[in-house]
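Asks: Residue numbers (the numbering used here), protein chains in the order written: chain F, 1 to 113; chain P, 114 to 377.
Just so you know, these hints were derived from the structure itself, not from any lab.
Here the structure is a predicted model, which means the values were calculated and not measured.
In this text, a Cβ means the ideal position worked out from N, Cα and C, and glycines have one as well.
Keep in mind that a hint or two might mislead.
To be verified - Here are a few chain F residues that sit away from chain P, every Cβ distance over 10 Å (derived from the structure):
#1 E15
#2 V51
#3 K53
#4 S55
#5 L56
#6 E58
#7 Q70
#8 C76
#9 Q78
#10 L79
#11 T80
#12 P81
#13 K90
#14 H91
#15 C92
#16 V100
Said to hold, decoys possible - Quick list of in silico lysine to any residue cross-link-like pairs, SDA-like style, CA-CA up to 25 Å:
#17 P:K209 / P:E366
#18 P:K167 / F:T108
#19 F:K90 / P:D307
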Amino acid sequence: MHELSLLENVRTILEAHARSQHFQTVENITLEIGALSCVELEALTFAFAAVMKGSLAECAELKFKRIEGQGRCFECGQLTPMIELYDVCKHCGHFRVEIVSGLEMKITELKVR
Amino acid sequence: MCGICGCSDMSFSGKFIPVNKANALLFTSYDSIQGDESADKSRLIQMEVDLLGKNNSYAEKNRHYFQEHGVFVLNLVSSPGAGKTTLLVETIKALKEVFPIVVIEGDQQTQHDADRIRATGVRALQINTGRACHLDAQGIGVAVAKLGIENNSFLAIENVGNLVCPSAFDLGEAHKVVVLSVTEGDDKPLKYADMFYAADLMIINKIDLLPYVDFDMDRCIAFARQVNPSIHIIELSATKGDHFSEWTNWLRESMQKMIKSHAL
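Please put together the full structure from these sequences, using the hints given.
Replies: Given below as structure tokens:
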């Protein structure tokens, strides 16, 4: 459900940028979403049209750039891929892994006119 | 060009591979984006704006206020019915003479929880989030201003009963405290890993019911540590008082530390 709040933030950010950067329409939006972030892409896509209705991004296309989850093991110091927050280090099997990427939730690019 | 939002004339024309609703879930990468000389008036704007940026900036403001005024803040999260309000009521009874306590209650509807807190003689402010599933930092800032919290107090924020959304919203608290009761599944730390990852303390509540339920304590703790190796865990029963002093001692020590650092 918080996808709705996140999209409301997207709308606010777009409106602010439209004023400062002088555009009227957003044609597409690229969101960078980490694989370990608490965001459901289906829910974002589903709610997008409803939240953007009547806004400058009403007809915009939503695109995602996926950032893979990656952690650094406290035990062996190596980088290890992470699909879930609780994945163990693939090299040594240790639980203590610090997440270095995959939690991102950002707008990275707009196509506007 | 500004590294944060790209606010300069460094924009350029280009063409995206169209992504409609049906294929929006197919991830694209920047490698697939090619410049197009025949482009129309469309332009690209590069930016790096966090979707939670607004909430996070309000949370930082709150945190700064709490540090300046020596207010120790916990954000209590759990699924509905895990016993957050009962835990708070019993905590207030045990500690209200030791330091000032104030409560912010978050629920989608009703004043019921705030009424339960007020019955203990402590001030409580209810925030009804309506359709929203979590409290946000801006709302907490407004509530704190309304409450007028005195220095060196304990502020408990009882979040909306929900193990999903509140994990993403920093309120400016010192710690998130996740409450899990033994009448729930012992695998919840894995099922709702985001929340257990975000919390610093896990309270396993209703341990007086352990003989009657199929809850494996060791398994639950192992799962929680798998998600968050540094999570602190306290097992207790808020209604029966089992091990309750372990929690109140933790709270007293945390308050003392905070007051000391505030005095510096």
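Asks: Tell me the numbers of any earlier hints that the structure contravenes, in ascending order.
Replies: none
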